Amino acid sequence: MARISRDQRLANVHAEALAQFDNVQSALRDERLQCLQDRRFYSLSGAQWEGPLWDIYENKPKFEVNKIMLSVIRIINEYRNNRITVDFVAKDGSKADKLAETCDGLYRADEQDSVADEAYDNAFEEAVGGGFGAWRLRTSYEDDEDEDNERQRIQIEPIFDADSSVFFDLNAKRQDKADARFCYVIYSMTYESYKEEWNDDPTSWPKIIHQYEFDWCTPDVVYIAEYYKVEDVTETIRIFRNIDGTEERYRAKDFEDDPELENTLAAIGSQEVRQRKIKSRKVHKYIMSGGKILEDAGYIAGKCIPIIPVYGKRWFVDNVERCMGHVRLAKDAQRLKNMQLSKLGEISALSSVEKPILTPEQVAGHQVMWAEDNLKDYPYLLINPITGPDGSQTVSGPVAYTRAPNVPPAMAALLQVTEQDMQDILGNPQGADKLVSNISGKAVEMIQQRLDMQTFIYMSNFAKAMKRCGEVWLSMAKDIYIEEGRTMKIINEDESTGTVTLMQPTIDQETGEVRMANDLSMAKFDVNVEVGPSSSSKRAATVRALTGMMQITQDPETLQVLGAMAMMNMEGEGISEVRDFFRQRLIRMGVVKPTEQEIEALMAEAEAKGQQQDPNAIFLQAAAEEAVAKAAQARANTIKTVADAELSRARTAETLAKTGEIDQNMALTAAEAIQQAALGEQVQPVVR
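Count along the sequence shown starting at 1, add 282, and that's the number in the working numbering.
Careful, some of the hints might be misleading.
Taking lysine to aspartate or glutamate and the DMTMM-like style, the derived pairs with C-alpha atoms no more than 20 Å apart in a straight line are [as the list claims (entries may be wrong)]:
hint	residue 1	residue 2
1	Lys760	Asp379
2	Lys535	Glu513
3	Lys585	Asp703
4	Lys567	Asp514
5	Lys771	Asp761
6	Lys806	Glu383
FYI, nobody ran anything at the bench for these hints, they're computed from the structure. Only a predicted model underlies this, so the values are computations on that prediction, with no experimental measurement involved.
Please model the complete structure; the sequences and the hints are all you need to start from.
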């Protein structure tokens, strides 16, 4: 019965998914088709003639002078030189949050291990060229070959042809799609591969499948979809009060994992005081075809759909999401320019030499000479006399001459207009190439700023996507990076490699309590993004600034610091050890804050050097230690003396307590007599 219920549930999910996807794909089909055409237009040879123009110029020259490609590459290069990075920030604004630094390092390590730059670059180029791009986050096992290793890592992977394969909920209005309830990622397989992998025959699908607008099965390929669905899960939290008055919360999963937990709580005196129902988001992943749900992958790590969309330019018109990149508005101008250049090339290909027009009688017998004249350059050419009306032969020249073709004046003017239109649409980077040596720095800055403003919208929209990527990564990391004692690689801000231990017990210096350091399950951060030049570009700029500062300062210590910082930021082959040397020097000078590993290394170095100190330093240290020891001994003697006095007093009290009442009275009487006698001696008058 359970099997039937599961099959029915999956059938219902499949029917709902098919209907939803058909609605989404129908609404976005035309927009996404334009995105695909834009990407083909600038990137594929011959694509600029696709459509009706191909038929018109079928037997004519079709030249392409692709100006759009250069403009798109300039924007892509601008991005690659100004990478966007993710930074986790504590919600209370605290800057010295070690857990946030740990998250930064782990994120950079996941980026490096999964070659995330490929995913970012592909998505950005598709967004600039067509208007829409995307990448995904996925969890994978740290070591696939080790069956005992259950640890996972987060991979950042590209999605190619995102405009044809990624479709979100139509009701999602946010650009990062954080409010989407479902998402589809489509990819294709051949018939043979589909049958072999999924053991399913597309010819057996119900006929209703073919009534949808999207054809899941074509004569060439079968389409598969990753279907992500957000589900709201209600969970009951049971709150128990311990005998010391503290309260602890337990989820249903805690009792499932430990069947004896409830008996244990009752045995230690914990009582259930109340229950609370909370709602949480989970993302269910399915793999489906047009015929059925092929696989129920269950809930994935995190609470977010792990698909990150990127837009070039985006807006809503008629409640339909529209997008485009840098190409669409320049397509007509590019086509017009190609047509003009092709026509101009056709005109130029015609002969510009005036050729004589002769009668057949004049060239009879000399055709070969006239035909070979362009090759052999004869000194003269022969013609035959012609027969006049009266039957006599007369010599006559050519009847007429051919004329060289002329370029229409309208075409020359239109070429200039088209060139100007393309510069207005794509931007004119030539202004930066025409800078002369004596131009002011302010003018250079203004020209560069004008060029940067053309790419700003693409960088801004990509920054939104990177922010969303950081949020999705953190949500997934809180679920999988929770193994106690797990050692993981991190990448520091200066691109150096380090390690961090997760869930490491530490003692809080302020409260003295034992807590878990690097506990990502407690990570609650805001995600910021920083747009700036690449690390190598920033280092080169830093070196130039530092060397410039060295020219205007005379302080030796400042010069030493600036020189060491310049060397620490140098780029070059085999210079990493030199950078490390100058970093250690700056750390010893107190200029650079050391990492935990560097602090441990400095302490070990200090301990090692402690055995080879200067003799005077050893003598002074020994004298100081001797003085401290004597002071400690004197303090100990004083404490001992006080303790002995207290002990004697205690023994006396004990002796008196053991003496009988009679003995006590006799002793007291004797003591009083002795005391009175002593007083009498003190007051007796002196005899003279």
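Okay, the hints, checked on the actual structure:
For a cut-off of 20 Å, the pair hint linking Lys760 to Asp379 stands: about 17 Å separates their Cα positions. As the CA atoms of Lys535 and Glu513 are separated by approximately 18 Å, the hinted pair is consistent with the 20 Å bound. Distance check on the hinted pair: Lys585 and Asp703 sit about 48 Å apart at the alpha-carbon level, beyond 20 Å; violated. With a C-alpha separation of about 14 Å, the suggested pair Lys567 and Asp514 falls inside the 20 Å cut-off, and the hint holds.
A C-alpha spacing of about 18 Å is found between Lys771 and Asp761, which places the hinted pair at or below 20 Å, so the restraint holds. Between Lys806 and Glu383, the direct Cα distance comes to roughly 13 Å. Compliance with the 20 Å bound is thereby established for this hinted pair.
Hint 3 from the earlier list is the only one contradicted by this structure; the remaining hints agree with it.
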